[in-house]
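S.K.: So you can see what is in the structure, the chains are spelled out below.
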Amino acid sequence: MSGEIFFAAAGMGRKVRGQALVAKDGFSARYDLDRLRGVFSRPDHKLAGASYVGRVLVLDAAKGGVATAWMLHEMKARGVVPAALVLNAVNPIMVQGAAFADFTMISGFDRDITQAIANGALVEVDPTGERPFIRVI
Amino acid sequence: MKLTDEEQALRAGAFGRAAQWAIAHQIEVGRYLGARDFVAVSQAHVMADTESLGLAGVEWLEQLARLPAQERRVRISTITDPRGTDFAAAHKLKQQPWMVDLERRAIGALEALGVLMTNTCINYQTIMPPVLGEHVAYGDTGVVIYCNSVCGARSNFEGGPSALAAALTGRTPRYGYHLEERRRATLVVNVGLTPRELNDWGALGGIVGRLAGDYWQVPAIVGIERVPTSDEMKHFGAALASYGSVALFHMAGITPEARRLDQVLAPGHTVRSHEVGEAAIRAFQESYAEAIETIDVVVFSAPQLSLIEMAQVAGMLAGRRAKIPLLVVTSPQVKGDADRMGLTARIEEAGGTVLSGMCFYQSYAREMAEANGWRRLATNSAKLVNIVGGYGYRPALMSMPACIDAACNGGRL
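Protein sequences, first through last, are from chains A and B.
As numbered in numbering that gives the first Met the number 0, residues 0 to 136 make up the first sequence, in order.
As numbered in numbering that gives the first Met the number 0, residues 0 to 412 make up the second sequence, in order.
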């Protein structure tokens with residue numbers, strides 16, 4: 000619903016706007032993505048086949064291995080990258096990768112954020128203040 | 000974060016620009032994850048294959064490498080995870096020259112920083128295992144979970160940039176598994192079967208990983224009836240970390256922090272519990288084998304094979320011949336011994352290919368699939384089956400003997 004705002008426990012990066020791509024599933028750059036084509040490629044991922052380029056990804060938890068720490072930087076350098084990541088739960092790799100790539104990410108909500116944001120909604124992610132948030136525009 | 004005088008000097012650039020970048024990166028990560036201060040670490044293990052780095056990452060490393068020598072050197076023992084190729088076999092794998100060139104550039108840059116190019120994800124079996132209570136900064140999830148759980152070391156998952164930052168500063172933010180209170184079990188898994196084959200251990204790890212669900216969960220495994228071998232722990236831990244993003248487990252009566260289960264349970268707290276039996280392990284493996292009748296390639300990798308596994312593969316191939324590609328991936332340290340003891344020759348005379356210093360999924364797996372026409376892949380590594388689906392493969396999880404049989408039957412299962 001327009002104007003709804005959801006505060007996160009932590010955030011980094013810059014304020015961005017974009018269309019939300021939402022699923023109750025995990026995120027790992029190595030396991031889940033075809034980074035050349037910019038689509039989710041793991042067959043059993045709920046977003047398999049969907050393009051993530053320029054989208055605000057609203058997902059459940061960071062998954063997988065350590066490669067994402069380099070891969071976000073590499074994806075950003077080529078411009079084949081999401082606009083931001085919004086996660087219920089992060090792991091250190093996602094934090095390290097976002098910090099290294101100067102990438103926008105917020106995480107930790109008092110509800111399941113994948114249920115709170117509608118797929119396709121236009122959203123704003125602002126990690127710059129005391130209380131990082133995602134807002135439906 | 001509370002900074003010591005030395006850490007403030009690092010931040011101010013007194014130790015050079017590489018360390019200045021490193022501590023700034025670590026402070027940003029530490030603040031996000033609630034670290035109050037830093038903890039000194041004795042070793043770093045850096046994942047930096049070029050499929051992950053890409054050109055941008057290699058150029059970033061080269062920028063560091065161009066700094067004056069006194070500004071760029073690592074401060075603690077620093078080793079590397081597998082690379083993206085085995086230079087001796089790149090042509091056989093149909094890897095492109097640009098991949099090999101990028102690898103050479105990355106190696107040159109890392110060497111200029113003082114990194115030891117060990118190129119292994121089994122450093123706990125081959126280089127210098129950490130000891131109980133040792134704080135380290137390790138990359139590769141399989142390395143971290145084994146060293147935390149089996150050795151009792153203290154590490155979080157440290158991705159390449161953060162492991163390198165720890166190498167440059169000699170410390171890491173104190174959060175997660177550097178804290179005693181984070182190391183307590185958050186779920187108990189009662190196991191009704193002690194696995195036998197490595198793929199069964201991996202399947203159990205995968206199941207527990209799915210039950211755990213995220214990085215901050217610490218499963219305690221109950222009911223394992225004998226002490227597993229290092230290779231069994233390796234496959235169990237690698238799969239658990241892969242499926243669950245889990246960095247620490249306890250095994251009651253076996254791992255060093257859980258001689259008794261109550262030692263890893265917080266007093267007065269109840270944790271959720273689960274039951275896992277033989278049917279679940281069988282179903283897990285069958286879920287990958289559905290509708291696969293033939294395979295294109297057999298891969299033993301992820302983690303790299305120990306010398307013992309190399310001997311097992313060589314023994315199972317005796318008097319037989321692989322009729323489809325059979326890739327056997329190990330560390331440079333094991334490869335030397337395997338050469339010297341004739342294991343490499345025995346595997347290759349039977350049609351296999353021994354690869355060293357790389358890992359299959361870190362070596363441009365998608366491009367290798369397209370160049371070689373590989374789609375259906377058999378392996379005994381649960382970790383590998385979890386990863387390669389995203390690279391376009393249809394994987395089957397099978398025992399080592401079944402994989403060898405398939406290779407020698409021309410791919411027929």
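Treat the hints with caution; some may be incorrect.
Selected chain A positions facing chain B (Cβ under 7 Å, derived; list incomplete) [unchecked claim]:
1. Val38
2. Ser40
3. Arg41
4. Lys45
5. Ala76
6. Ile92
To be clear, the hints were calculated from the coordinates, so they are not data collected in a lab.
Don't be surprised by glycine CBs; every beta carbon is placed ideally from N, CA and C.
S.K.: Now tell me, hint by hint, if it's right for this structure.
M.R.: Results of checking the hints against the structure:
This hint is violated: A:Val38 has a C-beta 11 Å from the nearest C-beta of chain B, more than the 7 Å allowed. Nearest Cβ of chain B to the Cβ of A:Ser40: about 5 Å, under the 7 Å cut. The hint holds. Hint status for A:Arg41 relative to chain B: holds, with the closest Cβ pair at about 4 Å, below 7 Å. The beta carbon of A:Lys45 is not positioned within 7 Å of any beta carbon in chain B (closest approach about 14 Å), and the interface hint is therefore violated.
Using the Cβ-Cβ criterion of 7 Å, the hint placing A:Ala76 at the interface with chain B is satisfied: the shortest such distance is roughly 3 Å. Annotation: interface hint on A:Ile92 holds; nearest CB of chain B at approximately 5 Å, less than 7 Å.
The structure fails to meet hints 1 and 4 from the earlier list, while all remaining hints are met.
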